[in-house]
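K.L.:
Each chain is listed here by its residues.
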Amino acid sequence: MYEKNGEKYFVVDSHMHYWDASPANWVAGHENYAKGWIECFHAYQGLGPPETHWTLEHFQKYSEADLMKDVFEDGYVDVAVFQPTYLKEWYAEGFNTTERNGELALKHPGKFIVNTRFDPRDGDAGLRELEENVARWGSRGLKLYTAEWKDDSRGWTLKDPEAYRYLEKAQELGIKNVHVHKGPTIWPLDKDAFDVSDVDHAATDFPELNFIVEHVGLPRIEDFCFMATQEPNVYAGLSVVIGGLMHARPKFFAKVMGELLFWVGEDKMTFGSDYGIWEPKWQIEGFVDWDYPSDEFSDYPRVTTATKKKILGLNAAKLYDIEVPAELQLPPEAGIPAARDEAQLVDDKAGV
Amino acid sequence: MTAGTRTGAEVGEVLAALGSVRDPELDEPVTTLGFVSSCTVSSDGVAHVRLRLPTYFCAPNFAFLMVADAQDAVIAVDGVTGADVVLEDHFASDAINSGVAARAGFVASFDGLAERELGELRADFVRKAVMAGTDRVCRPLLAGGRRPEELAALTLGDVPASPERERLRQRRAELGLPSGLADPLLVDPTTGEAVGVDALPLHLGRARLTRVGADANSSMCRGMLRERYATRGQGQTDEEQS
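One line per chain: the protein sequences are F and A, in this order.
Residue numbering for the first sequence follows our numbering, beginning at 136 and increasing consecutively.
Residue numbering for the second sequence follows our numbering, beginning at 2 and increasing consecutively.
Everything labelled a hint here was simulated from the structure, so no lab data went into it.
Treat each hint with caution, since some may be false.
Claimed, not checked - Under the rule of at most 25 Å between Cα atoms (straight-line distance), these lysine to aspartate or glutamate pairs were calculated in the DMTMM-like manner:
hint : chain 1 : residue 1 : chain 2 : residue 2
1    : F       : LYS294    : A       : GLU121
2    : F       : LYS196    : F       : GLU186
3    : F       : LYS386    : A       : GLU240
4    : F       : LYS311    : F       : GLU458
5    : F       : LYS326    : A       : ASP112
6    : F       : LYS285    : F       : GLU297
7    : F       : LYS196    : A       : GLU228
8    : F       : LYS386    : A       : GLU228
9    : F       : LYS386    : A       : GLU29
10   : F       : LYS326    : A       : ASP90
11   : F       : LYS223    : F       : GLU266
12   : F       : LYS326    : A       : ASP73
13   : F       : LYS311    : F       : ASP257
14   : F       : LYS196    : A       : ASP90
15   : F       : LYS285    : A       : ASP95
16   : F       : LYS326    : A       : GLU116
17   : F       : LYS326    : A       : ASP28
18   : F       : LYS386    : A       : ASP28
19   : F       : LYS311    : F       : ASP295
20   : F       : LYS170    : A       : GLU228
21   : F       : LYS326    : A       : ASP189
22   : F       : LYS294    : A       : GLU116
What the hints assert, rightly or not - Rough simulated footprint, nothing fancy, chain F against chain A, three-plus residues with beta-carbon under 8 Å:
hint : region
23   : 60 to 69
24   : 102 to 112
25   : 115 to 121
26   : 207 to 213
27   : 216 to 226
For clarity, every value in this text was computed on a predicted model and none was experimentally measured.
For every residue, glycine included, the Cβ atom is placed at its ideal position computed from N, Cα and C.
The shape of chain A in the complex, shown without the other chains (with noise of 0.2 Å):
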């Protein structure tokens, strides 16, 4: 694309850094969910990205987000020295490139529009992202023969080592809730409290419920993005069929 395009290792720097930003609402990868739609570093060392969304009118709070921590995790790579990130093909693109580009934030960006700036949103998903996770870890436990009222018991320590239980891990440590290896399995995602045996039923059912429904809208995204786009994104990787 660019005459002095640096070498692919360089490249795949700046994408593995892409990997570290998540649609906030979906809590996955924007690459493997196939948001990157090129990824070039110029002779300069400035890092050009195109982004991707499902639809025109995909959300615009979540759109800003992933845009403004794309272009934070890009500048950030070793050797790059500037970080062009634009979102294409959407009714905010003007808006919301002009203002990640000027770091003027989500209220400038959207002078008029919005009254705060968009951490409260986000914690907002990682908290369902926590719930999600939750299940995540839980199912196997259950269908391997646990009774669910053991589980109150149970530390995160207790669950054997898997990426499901690190991510969960994280996202609660994002939120600042209890996230060591003696700290429970079960907490509320909103008080880090121990979930007690009696809270326990409609604690499982709403981190079930609260994984279909992620799921479903993550594969509902990723069948619009195969409709609006015949390309394949930079990084990315079909759905999990589970």
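Chain F on its own, in the form it takes in the complex (with noise of 0.2 Å):
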């Protein structure tokens, strides 16, 4: 829970990690990927302030202490969401798999959700695996990463026939929730890696399911903007925005905001901090300070209180079920969604 100015935050994290790429997890011939993927990361956090940078050392494989202290003590996160990546072919034990936060989660009663995944490449014995994952953790959601190599092959996507067999599977299963995560490949690799298009197709034949597009399907924000306005099962997963852009790139940060509220709506954005890649302290303080810079971002929709709470942590309540504390929750006249009208109204006049 975030205080400020007398207005208490429930937090969920709904998008962060555990993992281990210290060079000890590196596969022998594969050190090259798995040298490269951490490095990448750290770039990123590269883009927080200063005084929130870390060590490639301590980057690259973070005790269960830290993760606690960072999220849970100084971070305000009453509840994180465990994104898992195996990233096998690089990382011998996994970089971060489910068993991995689901031990860590065990140790640590109500503080975790523990999400698993699929890869649609693994035929039966995948499907058996997503089942006794979802038994042994109790998962309610699942991770997809559409770029990650297996073999020969460097990714998949959802329009796959193999992937909707895993779809139905995890349905049957009881799962609700289906974060996607792009990377810059896929097969065949003269595609567009990180195109959106395949979530449209999975968002329209599975209803019940809610598709959570991470980082707003940056680099594509317009294509997923644009089909977020016309599935009313996707959200928009901001990792990435928050940590990538708020403190680098304030201008930016507040157009891709207001073109989110725009087009999506605030009552289907998503706080996640992307730990480690960035620690959610700054970020939850930052956004709850946030607000427009300039009269120039005038044809945005507003942002107000009830914005940021339904952001930081009421959003992700409701698609996980998770109990909210009466005092944290909104009157129910908050609940009315001006950016997702407004956006209607643009497909109305389209004819859309």
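Assemble the dimeric complex from its two separately framed chains, guided by the hints.
P.N.:
Here it is as structure tokens:
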């Protein structure tokens, strides 16, 4: 919980990690990829305030104590959602597996939600693994990374028939939320790997599932926003947006937030720190203090305290059925999504 | 760097040629983005160009296009006898560098991992550039008091001449879309049809959104490049905070 000027904010960090990218975990012969990946992440951390930067060594592998302090003790987070990323082609024990997250969650009851994942290229064995993970960790959400390498394959899309088999299975197992994360490669490599149109297909065909597109589809924010206006079950995950832009590029941050509020709306945006890339503390403090920097942004929907409460925790609490103490909930009249209405209006005008 | 380095003027010509090479995704020259880490011309007339990108994992298809385009641009410079263009510090450096040097094309360079060459991908991003460029040209008009519905009746020639207008015309021409001064200011980036009053609010909204996305990406890439490399690139400029 974060408190500022008498306002109390219930905080759900809906996208964070507990990884091991230390050299001891690098796959022999694939060291360059393992090293390149974590160094790329480390450079992202450089976009945050200098006093929050870590050494590369610390960044490669942080401890349980570090995480608990950074996220809960210093970071105001009430509930954190673990999002696994396996990358077993590069990291022997995986970069950040369901098990690694789950074991930590077991030690701290009530603090974490343990999401799992699937890879549609894993066949029947993968379906069984998904079932086991859901049973063992009580997962209600998935993290899907479409750019993951597997043998000679450089990625997959949600349009693949195999992916549909997995989504059907996930739904059967009680999964509600699917966090989609795009990366730089896909099969075939001549396609745009960041394209989010496959999420559009899946969201239409699986209306009972919620699709949270992480880093709001960046670098395809335009495609993401337009899709989100048409799919009621598509959400904007703000990982990278706050961490990567709010401090380093405040003017672009304001524009991106303005567009998201206009097209997607404040009821469908969720905060995620992307920890350990960035610590949640400065992101939450900065976001609560944030407003558009000038009149130049007057065309965009306004940002209120209620907007920030929804984005920082209340929206994700709804998605994950997290109980929010009464004093941290919004009064009923704050639930009117003004931004959504405006975006809808544009659609209606154009006859979409 | 090389013992027989030629005069600055010739290096300048090669750099100018590299200024015509764009990052297809960001629609900006590789020079101003800071992607040219070095550029020299040796005494035998061979141009040596080193390219770098913001991350080790930047998308390989766009990286390939930049290296191939740089190779074509450099070899076309008068007096240049050969081009040695190399992408450094990238997960697919070897495949890209050897593929471009052999003029093998993308599919052959990424054996089994790609199905087609990159023309369609490039065109998709030129269409995005047309949308972003539409906002760059229209925003000042709206700020100057023009009502949105008035824009539907304007031609490109009705808009005051500016680098933004010329850039927009050039991108439209690349796609084979109408780009003459008598052609409509607002066209659909796929069909080239004029945008009517009814479709106009959505069209302008998408144009603004596309530009915000492009500017944010460019800004993020510049930030990542600065985190990765302490040195400035040849011809690198700082972004406009617009």
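K.L.:
How about the region 216 to 226 of chain A: do at least three of its residues have a C-beta closer than 8 Å to a C-beta of chain F?
P.N.:
Satisfied; 7 residues make the cut.
K.L.:
Tell me if the straight-line CA distance from LYS326 (chain F) to ASP28 (chain A) falls inside 25 Å.
P.N.:
Judged against 25 Å, a Cα distance of about 18 Å means the pair holds.
K.L.:
Can you take a look at whether the region 115 to 121 of chain A is actually covered by chain F? Rule is 3+ residues, C-beta closer than 8 Å.
P.N.:
holds (count 6)
K.L.:
Would the hint linking LYS196 (chain F) and GLU228 (chain A) be met if the CA-CA limit is 25 Å?
P.N.:
Judged against 25 Å, a Cα distance of about 20 Å means the pair holds.
K.L.:
Would the hint linking LYS326 (chain F) and ASP189 (chain A) be met if the CA-CA limit is 25 Å?
P.N.:
Satisfied, since the Cα-Cα distance of roughly 23 Å is no more than 25 Å.
K.L.:
Is LYS386 (chain F) within 25 Å of GLU240 (chain A), Cα to Cα?
P.N.:
Holds - the C-alpha atoms of GLU240 (chain A) and LYS386 (chain F) are around 12 Å apart, at most 25 Å.
K.L.:
Quickly compare the C-alpha distance for LYS386 (chain F) and GLU228 (chain A) to 25 Å and report which way the hint goes.
P.N.:
19 Å, holds
K.L.:
Taking only the CA atoms, is the gap from LYS326 (chain F) to ASP90 (chain A) under or equal to 25 Å?
P.N.:
23 Å, holds
K.L.:
Starting from LYS285 (chain F), check that the Cα of GLU297 (chain F) is at most 25 Å away, please.
P.N.:
Satisfied, since the Cα-Cα distance of roughly 15 Å is no more than 25 Å.
K.L.:
Quickly compare the C-alpha distance for LYS285 (chain F) and ASP95 (chain A) to 25 Å and report which way the hint goes.
P.N.:
The hint holds at about 20 Å.
K.L.:
Does the alpha-carbon distance linking LYS294 (chain F) and GLU121 (chain A) stay inside the 25 Å limit?
P.N.:
20 Å, holds
K.L.:
Quickly compare the C-alpha distance for LYS294 (chain F) and GLU116 (chain A) to 25 Å and report which way the hint goes.
P.N.:
Status holds; Cα separation ~17 Å.
Against the hints set out earlier in the document, no violation occurs for any number.
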